[in-house]
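Q: FYI, numbering that gives the first Met the number 0 numbers position 31 of the first sequence as 30, with every residue one higher than the one before it.
These aren't lab readings, by the way, just hints derived from the structure by calculation. One or more of the hints may lead you astray.
Taking lysine-lysine and the BS3-like style, the derived pairs with C-alpha atoms no more than 25 Å apart in a straight line are [unchecked claim]:
1) Lys393 <-> Lys406
2) Lys2 <-> Lys50
3) Lys87 <-> Lys24
4) Lys94 <-> Lys393
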Amino acid sequence: MNKFVEEIKEVLKKEVDLSTEEIEKIIEIPPEEKLGDYAFPCFLLAKSLKKPPDRIASDLSKKLKPKALIKEIYSIGPYVNFRVDSRKLAEFVLKEIFEKDKSYGRDETGKGKTIVIDFSSPNIAKPFGIGHLRTTVLGNSLYRIFEYLGYGCVSINHLGDWGTQFGKLIVAYKRWGDEKKLSSDPIITLFDLYVKFHQEAEKEPELEEEARSWFKKLEQGEKEAEGIWQRFKDYSLKEFEKVYRMLEISFDCYTGESFYNKYMDNTIEEIQKKGLAEISQDALVVDLEKYNLPVCLLRKKDEATLYATRDITAAIYRYNTYKFHKLLYVVGSAQKLHFQQVFKVLELMGYPWAKDLVHVDFGWIKFEKKIMSTRKGDVIFLEDVLNKSVELAKDIIKKKNPDLENKDKVAFDVGIGAVVFTDLSTKRQKDINFDWDEVLDFEGQTGPYVQYTHARLCSLLRKYQKPVKRKVDFSLFSLEEEHSIIKKLEDFPKKIKMSAETYEPAVLCSYLLDLSGVFNRFYQKQRIITDDENATDARILLVKSVKTVIELGLSLLGIKAPERM
RNA sequence: GCGCCCAUAGCUCAAUUGGAUAGAGCGUCUGACUACGGAUCAGAAGGUUGGAGGUUCGAGUCCUCCUGGGCGUACCA
């Protein structure tokens, strides 16, 4: 761990009847900087010492002696607080960042382990809507974070290219389809057909039955059905690629649901052999009542399989292929129960790795307080959102920085970054209200704010005109603002780990906002480049470090850090 | 009906996983560029953390109940 905490542990150990592990566990960082750098709460000792905690704290603080790295020890209420030697802290942190540079905070904890991440997974023949943003950017960010921690990562785009919806589409296409329209504007045409199907099916319920039978044909490999399906799929993929290119996201594989068709019979057979399956109401199911879960349907009465069957099959396939350490499903919380069932069935099948399956769930994106329903046709295209944001970025650049070179590229990075950052900055489980004003806000706690800070740092480094020196006079870091920045920089590796443990890139978002905030405050108050060469060298080293960390942090979120904007 | 999730300032969100006086941004009001980028910064106002109990040294965080919203609950995904 960090040597400052080490020293505090050492000092405390002599006076306190606790193991070093216990001490380490309760050492914390005070909520406010003015209280100190680290703190040791004395509540735990109150019982064994039979003294009130604030008394223990004050006694203890008198007995403890400052050492090499710790400068001050004092008590405030029930806490013993420690203040570190800020010169030493600066030296320690800044040297580390300078040496590790673009791999500061990188870790080998995941070495030799594979994490498979199933995310994005749009449905073929449907538009790529704003609703798909979360899974896409969350999955991508988690991929980058775990990779940074040394894991081998595999991204799978589990395309929704199978299921009864294709029966519906085929029915709609055969009834109302227009070949010319389809080839000229495939996604909109397919989308209209899909919406129309649901409208008509309300009046004419037989359509549903017809759709089921078409899907069954598809599943049996009937030629006409398969041909139509393949065309829909080709059109859709082309369309999705446009969005992925904008976000600069790529996948290691695009094995969608249909990929697993050939393995389905095996899965069902295996489940039956293991005595888990039974016939109920003409369908083949696994009874999970014992576990307080509804039955898991494997095969419908018309013999067609269901998504649970496919997910079970896919998990087995993935384990056999990747021997993953963990398999993450970045899928909305509406499917929570579904995954509980799937995981349970795999566990009952005797797969010990069933415990390594994680449903990384997240809330809805709502629009005007309502949940958007693709079936009803209300959808906001992700591509439109991204384009609009890029346009706005371009307008702002024209106004604020008219001489900037390659405006288009920068506007692109800022516009996209704004959308991605906004989405990632809310913790997964909460619903997000999609609001144009909010997405297109480039001030305050936003992606562009962080990017702007980065551009400013780059600007300083350009002005400096010299290579950054690593050996500076660290005793020049005496200001509170500098100390705040350095402490934030020290935090970065911990934050990466925390975002990985909780599958929560939002941790990094708020970290980057904090870091940008402390730097901007410093910048506003203090001059960086002055005639005092030593002071300038020192501050520039700090600037370089902040720049490195912001750039790194943004890249873990899948966001670009332009040098000018 | 049952199960899961959510509820924090007018709005959008934090809160080091049970710790110190619940913090930011937006919006409102007031200020800051003849030196490094004003997409910035400083200040003011804004709170019974949905409600009621409980657990303990200590609760926004844990347990119970209630209210409001969302999702799910066997042939959609």
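Q: So, for every hint listed, does it hold in this structure?
A: Right, here's what the structure says about each hint:
1. Between Lys393 and Lys406, the direct Cα distance comes to roughly 7 Å. Compliance with the 25 Å bound is thereby established for this hinted pair.
2. With a C-alpha separation of about 31 Å, the suggested pairing of Lys2 with Lys50 is violated against the 25 Å cut-off.
3. For the hint linking Lys87 to Lys24, the alpha-carbon distance of about 24 Å falls within 25 Å, and the restraint holds.
4. Proximity of Lys94 to Lys393 is assessed by CA-CA distance (about 38 Å); at most 25 Å being required, the pair is judged violated.
Hint compliance for this structure: hints 2 and 4 are broken, all remaining hints hold.
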